[in-house]
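S.K.: Here's the letter readout for the chains.
Protein chains: 2
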Amino acid sequence: MFLIGKLHEHLMPKVELNKNKMLQAGPAGNIVMVTCCDKDGRANIITAGMYMPISSNPPQICVGIAPERYSHNLILEQGEFVVNSPSIMLKEKMHLCGIKSGRDIDKFKEFGLTPIPAKKVRPPLIKECFGHIECEVVNRVICGDHTLFVGQVVSASADKEVLAGGNLDVLKAQPIVQKNHLYYTIRA
Amino acid sequence: MFLIGKLHEHLMPKVELNKNKMLQAGPAGNIVMVTCCDKDGRANIITAGMYMPISSNPPQICVGIAPERYSHNLILEQGEFVVNSPSIMLKEKMHLCGIKSGRDIDKFKEFGLTPIPAKKVRPPLIKECFGHIECEVVNRVICGDHTLFVGQVVSASADKEVLAGGNLDVLKAQPIVQKNHLYYTIRA
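So the protein lines, in turn, are chains A and B.
Count the first sequence with the numbering used here and you get residues 1 to 188, in order.
Count the second sequence with the numbering used here and you get residues 1 to 188, in order.
Among the clues, some could well be false.
Any copy, or any two copies together, can satisfy a pair, since identical chains are not distinguished.
Said to hold, decoys possible - Derived pair list, reagent style EDC-like, types lysine to aspartate or glutamate, alpha-carbon separation capped at 20 Å: (1) 14 <-> 128; (2) 120 <-> 169; (3) 109 <-> 92; (4) 21 <-> 136; (5) 21 <-> 161.
It should be emphasised that the hints constitute simulated quantities derived from the structure, not laboratory data.
In this text, all values refer to a predicted model and were calculated from it rather than measured experimentally.
Only chain A is shown next, with the shape it has when bound in the complex (with noise of 0.2 Å):
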């Protein structure tokens, strides 16, 4: 017999990506709605998909937005940020708060979010994400066109429903899965 399979796997070629498609050879990321607040508490949202946790103790999370974002200097001058998860049901929300600059409009009061108070930081949590990770930034670091900034995690929250002897059922909380500004969520 003729292992065509075998053959197949064995010719297949690995494809040169250009500069600017580099990223593309990269799995699958994730997306956060991060709110912040200038001086005076006004809070804002920022959609971000870069997103991971660095450290498990002290738990520590690493969150990253371009210098030209109006909430790049929020979290820069104000310190504090909430990292806030949506599911796939707030798609067209998180998307929304992506575009939209909290330069020109109230992004709660615009897309119908709703600010519930953190418990240790200014910026309000969004009630309609499952998960909140409150933070004090630690650390900055410039990387190419982006900023990272590294969040201490002050106090966390989550939905009851989504919580399953204290970790979360990702099943049940149905996060929202992106490439290239297309939404997904996850499967078994």
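Starting from the known structure of chain A, arrange chain B on it as the hints suggest.
M.R.: Chain B only, in chain A's frame:
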């Protein structure tokens, strides 16, 4: 009519998370298999749940590795690594590469993975992965219990069959999404 749905939504409690559960409030994460090598060119693989792109121009990515891992000092000393993106079909081998140490075994041989030469760096690509991002270390930041390596992308490639118009088609690539060592892939 009594608005039981609205009432429930209004009362839905946010549960505060203990310090060791705080990162549960974040979304699902992605998984990459990072290749690196020692001064003699002997290659190793480490599975990393901490990965994100951080800059488009120049293309840069971040990966988090704990200092006690064998790969940590290989990357530190050699200044090069490759981010390989596995599909859900590789989940068993990916998991094994995360729990075994390259101090003890040759993971390529042990788990039946195929090294193929990279274009610009010494660590090999993992042929069975669908995407490959070759990086030179341009920055390193200690963040709690992990080191964050910032890699400048010097070359990238992907399987022809997962590309559509130069972009990754994630429904074809079926990347791994994870939380708490449970592995998922995506759906529309």
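S.K.: All hints, please: hold or fail.
M.R.: Against the structure, the hints come out as follows:
| no. | hint | in the structure |
| --- | --- | --- |
| 1 | 14 <-> 128 | between (42 Å within a copy, 11 Å between copies) |
| 2 | 120 <-> 169 | neither (25 Å within a copy, 40 Å between copies) |
| 3 | 109 <-> 92 | within (15 Å within a copy, 46 Å between copies) |
| 4 | 21 <-> 136 | between (34 Å within a copy, 17 Å between copies) |
| 5 | 21 <-> 161 | between (39 Å within a copy, 16 Å between copies) |
Hint 2 alone, counting from the list given before, is not met by this structure.
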